[in-house]
Structure formats: C-alpha cells, structure tokens
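Student: The primary structure of each chain is shown beneath.
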Amino acid sequence: MAHDLTKEEYSAQVAGVWRATVWLSVITIAEVVAALMWPEEWNRYTLNFGFIALSLLKAYFIVGEFMHVKYEKRALALTILVPTVFLVWFIIAFLWEGAMWLDNREIWEVILEQVPSGGGHGGGHH
Amino acid sequence: MATDTLAHSQDATQDEWMGGQSPFNISYGKLMMWYFLVSDAFTFSALLISYGTLRFSTPTWPDPNVVFSAMPFLPHDMHVPLGFVSIMTFILILSSVFVVRAVQEGHMMNKKGVLYWMFLGILGGVAFLSCQAWEWMHLIVDNGMTLYENPFGTKHFGQLFFLITGFHGFHVFSGVVFNCIVWYQTLTGVYERRGHYEMVEKIGLYWHFVDLVWVFVFLAFYLL
Chain V
1 MAHDLTKEEY SAQVAGVWRA TVWLSVITIA EVVAALMWPE EWNRYTLNFG
51 FIALSLLKAY FIVGEFMHVK YEKRALALTI LVPTVFLVWF IIAFLWEGAM
101 WLDNREIWEV ILEQVPSGGG HGGGHH
Chain P
1001 MATDTLAHSQ DATQDEWMGG QSPFNISYGK LMMWYFLVSD AFTFSALLIS
1051 YGTLRFSTPT WPDPNVVFSA MPFLPHDMHV PLGFVSIMTF ILILSSVFVV
1101 RAVQEGHMMN KKGVLYWMFL GILGGVAFLS CQAWEWMHLI VDNGMTLYEN
1151 PFGTKHFGQL FFLITGFHGF HVFSGVVFNC IVWYQTLTGV YERRGHYEMV
1201 EKIGLYWHFV DLVWVFVFLA FYLL
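Chains V and P are the protein sequences, given in the same order. Under the working numbering, think of the first position of the first sequence as 1, with each following residue one higher. Under the working numbering, think of the first position of the second sequence as 1001, with each following residue one higher.
Keep in mind that the hints were calculated from the coordinates and are not lab data. Keep in mind the model is a prediction, meaning the values are calculated, not measured. Don't take every hint at face value.
Result set (DMTMM-like, lysine to aspartate or glutamate): computed pairs, CA atoms no more than 25 Å apart in a straight line [what the hints assert, rightly or not]: (1) K1155(P) to E106(V); (2) K1202(P) to E97(V); (3) K1202(P) to E106(V); (4) K1111(P) to E97(V); (5) K1112(P) to E1135(P); (6) K70(V) to D1142(P); (7) K70(V) to D4(V); (8) K73(V) to E8(V); (9) K1111(P) to E8(V); (10) K1155(P) to D1142(P); (11) K1112(P) to E1192(P); (12) K1155(P) to E97(V); (13) K1111(P) to E1198(P); (14) K73(V) to E1198(P).
Far from chain V, by Cβ distances over 12 Å, these chain P residues were calculated [stated by the list, open to error]: (15) L1031; (16) L1094; (17) F1173; (18) Q1185.
Ideal Cβ positions, reconstructed from N, Cα and C, are used throughout, including at glycine.
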C-alpha cells in the first residue's frame, strides 16, 4: 500500500500540471485573438503556419505533461512517437492530390468551353 | 576507462531486454492502452487528412469566423466569432487537468482526492458534450447546415464537420462512461483493495487523448 511517489515528486508533478494548464490556456487565447484580429491584407500563410506551430506546442504539453511521457523511459516515448513520422508523407501526398483534383477540374472547364457546343452539358454561357 | 563505461552501459540496456521485467518500466495494460491510442491517432489523422484533401480540391471554403459565431442565451443577430468554441476548448482542457489531478491523487493512494477530481472531470466531459449538442442543433435547425446542403458554401464542409466532430464527440461520450465506471469503482474501494489506482491512469490516458485530438479538430475547422 506504499505511495509510489515521494512527497517531493508529487508536488513537482502537480506544479508541472498547473504550469502546463496555464500554457495551454494562454496559447488558445492567443490563437483565437490572432484568428479574429489578423488583417485581411496580411499574408494568410504566415498566420496558418503560426496556428500549426502553436497547435504542435499544445500537443507537446498534453502528451508530455498530462499523458506523462516526459517522465517515462526514453524507449517507451520513442515507440509511441516514431510511428507518427509516417504522417509527414501522408499529409504531403494527400494535400498534393487534393490540389491536383482542383487543377484538373479547372483545366477541364477551360477545355469544355472551347469545344463547339453540341447541346448537352457545359454550354449555354453565351 | 571509457571502454569500461561503454561496455557497462551496453550490458545495462541489454539486461533490460532479457526478460523478467518490463523494459519500458510500465505495466502490460498501460502499454496496450498506449498502442491503442497510437492506432486511434492514425484513424483521426486519416479523417483530418481527408478533410485537407477535400478542402484543397474545392475552390472556395466557408469562413469559420462567420459559421461559428453564435452563442446560447444571446440574441440571434449578435455575433461572437469563435466565442462559443473557445469556451468548449477551455472546458475540455480543464476536464483533462482534473483527471490528471485524479491520477496523481491515485499515486498517493488518496481515495477522497481521486473521487473529488474525477467527479469534476466527469462534469467537464458532460458540459463539453452539452455544448456540442447545442452547437450541432444550432447549425442544423437554425442555419440549415446538413449533410446535403450548406448555406455557408460547399457541402463538403458540413459533411466533414459532422463526421469528424461526431467521431470525436463519440470518443468524449465513451470517455465519460469510462470515467463514471472508474469513479464508481473508486467509491466502492475496488482499487484500494487492489493496492493501486492504475486503472485511473489507463482511463486517464484515453481522456487526455480525446483532449489532444480536439487540439487538431479545433485547428482544422475553426482556425485554418
């Protein structure tokens, strides 16, 4: 029935959790404020890049502090984190694919407009 | 001397993997919960990446500041962009914090502490689900956003929104059910007799994962 944490470890971890809570709250507020205040004429990609970076920082606090990975053995942390490397190509490949669909659709719209209209689809612009 | 330390540390790492103990220094149940969460993370990634693919393939996309601007108890013509979802996010973060506190009290074998914090965690989960129910109802009934039509723009938006937040909401719902079971078993002294509160930790991992997924759902639908 022994405690498996010493008094000092317990206090340190409780403090760590509250620190992470403050960080998560501050980051979320910053994100919402940025989403609302960002001027139209400023570069939207900069903002999106910031959102993604801040979300990854939030994920770090949740996985590291709340899910305790910071205090686990290195081998365990690696066995959980390394598989997510696959996501990098997963994301690149599928966003690429999505952009290509859009391209194809736009190209075909131009081509179909130039075909002499034999009735049916596509025509009727003039 | 250097070779001595090297040889020694190699022995130490090999010994860990020679059996008779957990090389990761955690129990089988916790490790399997982790591996389940890794697989669940891939499921959510697939959903969010399909959101990205469809969004990249669509010429226009609704502006979240316009879609998500309603608040309960306020007049309909009053717009608070992202206000309600910020509240939902805070509720989920706080609920996650309460459950971490329950886990920590479990390490100290403090039954009262586990009951107190786990109760707050359950309240947070129920509050989040209620907010989500209101948000869905508002979008469907007041705005007419369904799987088939979307007044804000492309219908992909509504379909992906209901699919992904629905799948996440179902995780929250099952998490609340698990938390209730843990709370009840703590109350009846099951873990006290067992000599440890590891079940609180395992269910806690699941609960934090739900919070982790929300970070990325929030990113995809409300921020980008």
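Student: For the pair supplied as a hint, K1112(P) and E1135(P), is the alpha-carbon distance within the 25 Å limit?
Tutor: This hinted pair is violated, its Cα atoms lying about 35 Å apart.
Student: K1202(P) and E106(V) were given as a pair; does the straight-line alpha-carbon distance stay at or below 25 Å?
Tutor: Violated: K1202(P) and E106(V) sit about 50 Å apart, past 25 Å.
Student: Starting from K73(V), check that the Cα of E8(V) is at most 25 Å away, please.
Tutor: 20 Å, holds
Student: Assess, step by step, whether the Cα of K1112(P) is no farther than 25 Å from the Cα of E1192(P), and give holds or violated.
Tutor: Roughly 11 Å between the alpha carbons, so the hint for K1112(P) and E1192(P) holds.
Student: Given the hint that K70(V) pairs with D4(V), test it: the Cα-Cα distance must not exceed 25 Å.
Tutor: Answer holds: K70(V) to D4(V) is near 17 Å, not above 25 Å.
Student: Assess, step by step, whether the Cα of K70(V) is no farther than 25 Å from the Cα of D1142(P), and give holds or violated.
Tutor: With a Cα-Cα distance of about 45 Å, the restraint between K70(V) and D1142(P) is violated, given a limit of 25 Å.
Student: CA of K1202(P) to CA of E97(V), is that 25 Å or under?
Tutor: Violated - the C-alpha atoms of E97(V) and K1202(P) are around 38 Å apart, more than 25 Å.
Student: Would the pair K1155(P) and D1142(P) pass a check requiring their Cα atoms to be no farther apart than 25 Å?
Tutor: Cα-Cα ~16 Å, so holds.
Student: Compute the least Cβ-Cβ separation between F1173(P) and chain V, then decide whether it is above 12 Å.
Tutor: 20 Å, holds
Student: Does E1198(P) lie within 25 Å of K1111(P) when you go C-alpha to C-alpha?
Tutor: 13 Å, holds
Student: May I ask you to check that Q1185(P) keeps its beta-carbon over 12 Å from the closest beta-carbon of chain V?
Tutor: 17 Å, holds
Student: Within a Cα-Cα threshold of 25 Å, do K1155(P) and E106(V) meet the stated pairing?
Tutor: Holds - the C-alpha atoms of E106(V) and K1155(P) are around 19 Å apart, at most 25 Å.
The structure does not agree with the numbered hints 2, 3, 4, 5, 6, 15, 16 stated previously, though it agrees with the rest.
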